[in-house]
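Colleague: The chain contents come next:
2 protein chains.
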Amino acid sequence: MLLGLFCTSSRSLHSAFVRSFATNVKPAKFSKRVRHRASDFVKAMATSEIEAKLEPLRLDVKTAGDKVRELKATGAPKNDLDRAVFELKALKKKLEDTELALTPKDAFFERAKMEDLLKRRFFYDQSFAIYGGVTGLYDFGPMGCALKANMIDVWRKHFILEEGMLEVECSALTPENVLKASGHVERFIDWMVKDVKTGDCFRADHLIKNHAEALLKDKTTTPALKAELEDILIKLDGYDNNDMDAVIKKYGFKSPITKNDVSEPVSFNLMFPSQIGPTGDAKAFLRPETAQGIFINFKRLYEFNQSKLPFAAAQIGSGFRNEISPRQGLIRVREFTMCEIEHFVDPTDKDHPKFGKIANLELLLYSACDQMDGKPAKRVKVADAVASKIIDNETLAYYMARTNLFLVSVGVDPARLRFRQHMGNEMAHYAKDCWDAEIMTSYGWIECVGHADRSCYDLQQHAKATNVKLVATKPLAQPKKVTQVVPVPNMAVIGKAFKADGKLIKTLLEKLEPSEVTALAEGLKAGGYELSAANGKSFKLTPDMVSVKEEQKTLHVEELVPSVIEPSFGIGRIMYAVLEHSFRQREGDEQRTYFELKPLVAPYKASVLPISVNEKLEPIVTAVRDELSALHLSYRVDESGISIGKRYARTDELGIPFAITIDFESVNAPHTVTLRDLASMQQVRLQVSEVAPTVLALSRGVSTWADVAAKFPLFTASSD
Amino acid sequence: MLLGLFCTSSRSLHSAFVRSFATNVKPAKFSKRVRHRASDFVKAMATSEIEAKLEPLRLDVKTAGDKVRELKATGAPKNDLDRAVFELKALKKKLEDTELALTPKDAFFERAKMEDLLKRRFFYDQSFAIYGGVTGLYDFGPMGCALKANMIDVWRKHFILEEGMLEVECSALTPENVLKASGHVERFIDWMVKDVKTGDCFRADHLIKNHAEALLKDKTTTPALKAELEDILIKLDGYDNNDMDAVIKKYGFKSPITKNDVSEPVSFNLMFPSQIGPTGDAKAFLRPETAQGIFINFKRLYEFNQSKLPFAAAQIGSGFRNEISPRQGLIRVREFTMCEIEHFVDPTDKDHPKFGKIANLELLLYSACDQMDGKPAKRVKVADAVASKIIDNETLAYYMARTNLFLVSVGVDPARLRFRQHMGNEMAHYAKDCWDAEIMTSYGWIECVGHADRSCYDLQQHAKATNVKLVATKPLAQPKKVTQVVPVPNMAVIGKAFKADGKLIKTLLEKLEPSEVTALAEGLKAGGYELSAANGKSFKLTPDMVSVKEEQKTLHVEELVPSVIEPSFGIGRIMYAVLEHSFRQREGDEQRTYFELKPLVAPYKASVLPISVNEKLEPIVTAVRDELSALHLSYRVDESGISIGKRYARTDELGIPFAITIDFESVNAPHTVTLRDLASMQQVRLQVSEVAPTVLALSRGVSTWADVAAKFPLFTASSD
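From first to last, the protein sequence lines are chains A and B.
So the first sequence is residues 18 to 737, counted in the numbering used here.
So the second sequence is residues 18 to 737, counted in the numbering used here.
Extracted from the complex, chain A is given alone in its bound form:
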């Protein structure tokens, strides 16, 4: 994928990504009580007081949106249209910033506290820290690793298994020519400036932003300059290299380290370079996404699928991006796990056979239209969204709905999840429709899953670069008689003229498309035709070497280049959002922080806690362990001598949803233990043989804690 999660525009693959990202990163504020934070947050968005303040801004956006529509309708010059879109986006951003700023502040969610917990319990942490660390690289410890593995496991079952997708695993090392064809070598860039004396590098937009913000805080800055700088900050995301250069020169922005001048913005390709083999001339990159591997394998996959459309292929694997100066933890990293799906479909029929299963699901949609009109996102039934053409087609909508179900099942708060449609200018020229699943975090709305209808762009690009047909065929309803022009080579003459290349020329002639044969015929009439091979060679053909004749043919099938619909998941970002949405502090004891993870994805399903070190308890501990192991339930034993209350706090910190305590009552036959629920801190007492099946049912979501609390006697202890 180029679009989607890490989206693109017609101008610059990366700048759009940067833009959409930067647009969305705003400090978020949540309501007071954790339990009701999300719904309060949404309610707060709708108070009449806030709406009154937002109203004029909404109006500004609508006016600008109408102007864009009008310019489009009247076919105005591109320059005018671009300027209008630019204004529209700046106003949209102002509206969204204000919305976020007006949402009631919440002192409750403290990112620093969560980050402390994540570090202390080794969910994840900076890579190579003992060597000084590398920004943008993270190591996942046992907790983060298991959480991620569980999320991927759910993903694999939800998408690959349930939808019968073809999973592939392709090489991360990718030769340069592949990424030239995909457009990454040319367009996957950021703009950076260099300190003219030391060579230190800075991202141009970051440099401007930091300077402007510093000046805005400076009391000596004049109101007029402040207004200019504010305007720059609003429009910055849309600046190209010339715009940024002009700003840097005008205000004399310097290197923040040395105060030296900086260079003009130069483009920096974000792919990690390497080379394959010993000579150093086989240039390669680490893949920036997994999608290209699927496109390249299209033929094999199509054949594996018994040459039938539609089918989907999926890949789970690492992507690499050499960010200039990554910050913001797991949100922007240099090495990350992606789960990508490429659904290949007949461009004339994008209905989905299982659409009915999700047609009644409601999604929070933030359509391009509503964005242009300054309206908020709306809850819409999927069926209605497709019927009214808000979402382009059933297959795209089907995946959006399935993504919604997946995200909620792993622990994303549904109230903080929306689908934002790309506006016309955000999409590449070939894309038909794009929707990002965005999740609200303390960094603002973060793009976590892209959904793009990429039409047939990718297959066409690779076919063009390799001269290999990447097409599907479908039977014609009626056999079709056609007149075709075909080249007829005179191999004797060709062989004499081109020797060993004769065979290649024959193959090339056979592969010519009808339009090329027509060009050949015309060329020959004019005396000669230049035939080009993929390897760079070309051959001048004269009328004695080849002629063109018309042929009657009956066609039973037709060839088509499939459209690609691509959902693309950034697992690290989703995981970060899940952690934020699961982070809790105990009311009344806010130092006791913990994660209320969904049992389905929790790293450990249960902790096993003997109340004290005593050999009488040991056989029961062993029995509990064996029962849990037999059901493949992950668990953690904490036999340390510290108080049971402290150990509960520890298992809470690890996000372990259930705690099994073996106490002295356990010794009496039939052996019983207590089972404690992390969220409610309730405990029940049950037999040893019952505990593993109960935890299994809870972990799979087959039963809830309420069921368990109703079934077994509650147990009250004062130790928590």
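It is worth saying that the hints were derived from the structure and are not from the lab.
A portion of the hints provided could be inaccurate.
In this list, chains with the same sequence are indistinguishable; a pair is considered to hold if it fits within one copy or across any two.
BS3-like, lysine-lysine: derived pairs with alpha carbons at most 30 Å apart [what the hints assert, rightly or not]:
1) K136 / K197
2) K513 / K728
3) K226 / K523
4) K395 / K89
5) K267 / K554
6) K267 / K226
7) K130 / K497
8) K174 / K615
9) K267 / K570
10) K392 / K226
11) K325 / K136
12) K70 / K557
Keep in mind that this is a model prediction, so the values were computed, not measured.
Starting from the known structure of chain A, fit chain B onto it as the hints suggest.
Modeller: For chain B alone, coordinates are given in the frame of chain A:
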């Protein structure tokens, strides 16, 4: 890891790997009947006729082995010892080659046929093929991907879950200084020669081998020269760059492409280079193994484990090696998946608490002693192997046994699996004991899992490079009173002299080891002491700034650097071996090839085959699908109109162990279907509701086909 799977020696990390690999790569031959191939193979090894031929060679090896032992015992000069070991290895190789050559030839296993099937059904294939392909890079299609994912899933349950290991996931991009400390920058190399005019690169040992083999085939080569060349081929694996250079010069070996002269062998580092960040000066490599990430995180993991030994950490991930000219399919690749375990243990106590569980298991051990004596591998009980010190300690032996269980559970033929001990010279100087799990394939014995007791080398190296203590503590049986020398800084003077660095100096002084404090005291007496920081700074301390005093202290714990025991799995190699061991041809119809995979790891557990396209069958097909999905069983529906026999052949090719056929009898209530076993081609008839639980039990190994055949009525059809 450096040792183990991709083993090392005291001289060159990689050459040992190359050597052991090359030693083992011999064409293997299997006995006639597929079913009994493995046991026949082993029996064949023991016929008296063969033994008679092997006897003199065994004797040669033993004589050479005895000589090595004698030289070691008498403390002979290193040169003499090295030469003797060199001779021993050459004779050992001759013995092993002869053993393999004498094993009855088997026309049955045809690698080309298997490779055709692997390609045709897209188990895996060359990466970027439409772009011309890159050697040593493979893409896994749906079948290979699922097989690999299932194998890794079994691995994770077998090791990580069952042993309570701490799983981590670390960055693949690794800064240069980390790999300098680990030894890879200096020693992870191959020798290559370059065409002096064109710059084409060749692996030096391959160049010699190819030239020598060509001359041996040449009828004009004199018998004397042939004898010399044969001797070179035998000893080639042990040659260093000077030896190879001498051979190339003596025989005038040239570039095979241009016939130009070639350069002297130059070392080529096998790591893929890259750089992190935009300036290009943060040099990095793609990790050649996952182990270093675990060592670097030792402190975090130790703390996560509540500061207790022993514990094991594990990592599943990609490794990268820039092979000069990879061949042999999945056996030698440039990008591969490894599963590595680092078990940290008190060096004075390597017993394992669960040793009893595997003590009675028999392993096929090929000890260093037996190798020196020219004896074959022996089946030995694990308990006996440890008691007699054949295997150094319980923990190492425990992992070898667990590896054996794992490999057999995923489909490695136990008769073609052995554990070969490294001989003294194969091991790095710091290693205590190493055993490779080797699997016999058509390429010969292939090293697939390394098991190494690496003592405390790795942690010490990283501690030295970073100045960060990587130690564990353990309580002393008796508190110990000690006299320590401690530095007493005079911060007023230090602060005045070094300003902001004062704090750093204080920290550095506090961290000094006792031996360093002694050096400090001596330095101060002589007038001054140079204190160095990790960042390169150093500070000259004078007697007015710091003094040294003696202190009485009671120690309750002692520090220790844990030993590391490392099992390291190459998943691609194991997968290849499993595929070879599972490859079958139907007797009487040898064009019908298939894989008899263990249901536990088979990509699809069942295929669903409606006997013809008919709407009466559809609801039953749907019912079967729903039942299978509900139990998370992967399946593949084949509704193509071709004959059921052809479809059985197709599901056999995909290694699908069970086929569910919906026929016209299925329509009658209660609805029944047939279930077919891939291996025996037997079919039973059972109710729709029974089929998914039956397949689940078979897939988990809870029941066997014999159980199923006994429980349900057999069904006979003529269509297979």
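Colleague: Compare the structure with each hint and give your call.
Modeller: Status of the hints after comparison with the structure:
1. Taking the closest pair of Cα atoms, K136 and K197 come within 30 Å of each other only across two copies (27 Å); inside a single copy the shortest separation is 40 Å, beyond that limit.
2. Taking CA atoms no more than 30 Å apart as the test, K513 paired with K728 passes in neither setting, with 90 Å inside one copy and 72 Å between copies.
3. For the identical chains of this complex, K226 and K523 are neighbours neither inside a copy (59 Å) nor across copies (39 Å), given an alpha-carbon limit of 30 Å.
4. When the C-alpha separation of K395 and K89 is checked against a cutoff of 30 Å, the pair qualifies only within one copy, where the shortest distance is 25 Å, while the shortest distance between copies is 82 Å.
5. In this assembly of identical chains, K267 and K554 lie within 30 Å of each other by CA distance neither inside one copy nor across copies; the values are 50 Å within and 41 Å between.
6. Taking the shortest alpha-carbon separations for K267 and K226, only the intra-copy value of 14 Å comes in at or below 30 Å, while the best inter-copy value is 67 Å.
7. Taking the closest pair of Cα atoms, K130 and K497 never come within 30 Å of each other, the shortest separation being 70 Å inside a single copy and 40 Å across copies.
8. Both within a single protomer and between protomers do K174 and K615 lie at most 30 Å apart by alpha-carbon distance, with minima of 16 Å and 21 Å respectively.
9. Proximity of K267 and K570 under a CA criterion of 30 Å is satisfied in neither setting, with 68 Å inside one chain copy and 67 Å between copies.
10. Within a single copy, K392 and K226 get their C-alpha atoms as close as 28 Å, which meets the 30 Å cut-off; across copies the closest is 74 Å, which misses it.
11. In the homo-oligomer, the alpha carbons of K325 and K136 lie at most 30 Å apart only across protomers (19 Å), although the nearest pairing inside one protomer, at 49 Å, exceeds that limit.
12. Taking CA atoms no more than 30 Å apart as the test, K70 paired with K557 passes in neither setting, with 71 Å inside one copy and 65 Å between copies.
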